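Asks: Sequence:
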Amino acid sequence: MNRRCFARLCCMLETLSGLKATRYMTVDEQVAIFLHMIAHNVKNRVLTCRFHHSGETISRLGSRVCHAVIRLHPYLLKRTEPITEDSMDQRWKWFKNCLGALDGTHMKSLVPLEDKPRYRTRKNDIATNVLGVCSQDMQFIYVLPGWEGSDEDSRVLRNSLLRPNGLKIRRPGCYLVDAGYTNGEGFLAPYRGQRYHLNDWCEGHQPTTPKELYNMRHSSTRNVIERCFGILKARWGVLRDNSYYPVAIKNRIIMACCLLHNYIRQEMEIDPFEDNASPDERTGDNGGGNDDNVTTIGTSDEWTTFRDNLAQTMFDSWNTTK
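Per mature numbering (1 follows the signal peptide of the UniProt record, and there is no 0): the sequence shown = residues -21 to -1, 1 to 301.
Worth flagging that the hints you see were computed from the coordinates, not collected in a lab.
These numbers were taken from a predicted model, which means no experiment stands behind them.
Cβ coordinates follow ideal geometry from the N, Cα and C atoms, glycine included.
One thing to keep in mind: the hints can contain errors.
Claimed, not checked - Simulated crosslink set (BS3-like; lysine-lysine; CA at most 27 Å straight-line):
id : residue 1 : residue 2
1  : Lys57     : Lys72
2  : Lys22     : Lys102
3  : Lys57     : Lys75
4  : Lys95     : Lys22
5  : Lys(-2)   : Lys22
6  : Lys87     : Lys57
7  : Lys87     : Lys22
8  : Lys87     : Lys102
Said to hold, decoys possible - Between beta-carbon pairs, the in silico distance windows are:
id : residue 1 : residue 2 : range
9  : Leu(-6)   : Ser38     : 19 to 25 Å
10 : Ser133    : Ser33     : 43 to 49 Å
11 : Tyr223    : Asp65     : 46 to 52 Å
With the hints as extra help, turn the sequences into a complete structure.
Replies: Printed below as a string of structure tokens:
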């Protein structure tokens, strides 16, 4: 982030989160040390040598700044904005009332030996499973870190709907999800058994059926969450490399990194990581009463018909413009 962005962040942490200067350290220095720590994933002793403070002081201020960033979540989490019927975005305009996209990703964590089997992923990494929900402009709407790496994404999503402060999906809104999730109320998934990933449409391959065209456009649009995770990990080394922190601390760091990601995208005209970051390797309005929110995950004839009609509408329109 640039100097103006950094100065404004320090001001927000001081005025809104209550972060205070100490006898020997200003707020600016505390924030700078924390940002250096999460950006480069360096050990405590490296920070001690670089900033000339004791290891105990570095650890204490890291925890203090991390909590202060998390307290900014009412201001930094993106509010949901449904896609309108007159949207000019060529990718999103087909998905009226869509709120964004969601997916899970793995982030390496340090866990006790006896807990490693539960955190071991299919790639044999020891990691936590993180659910991320983002808007069309790659800002996080909701983040749920902390689940074991061996857990399925659908289980994590189901739990997020049941939490008091969990993911809220105001009807008729929905999120784009991949084939690992169920196509049902609130979650629009691709057709299984059809070409889907963007690489499948290279070299001049064109869709030949409504389902293939739907999958192509769904993949192109839902890719926003993979790009969002890619930028997040490119920006913060602590989320990309091996972890030095116990899982409970790592979960708080993950949340803080997601909030800072949003802050940078809100405050800076150009995100320096957007053009260089690769998509993640793994292929809202939180108010309102429960009657208006989606609270379960399951298939339904209504949503199956809705997806079929949407696919046919896309295909008919595409044929008329060929």
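Asks: What hints, given by number in increasing order, does this structure fail?
Replies: none
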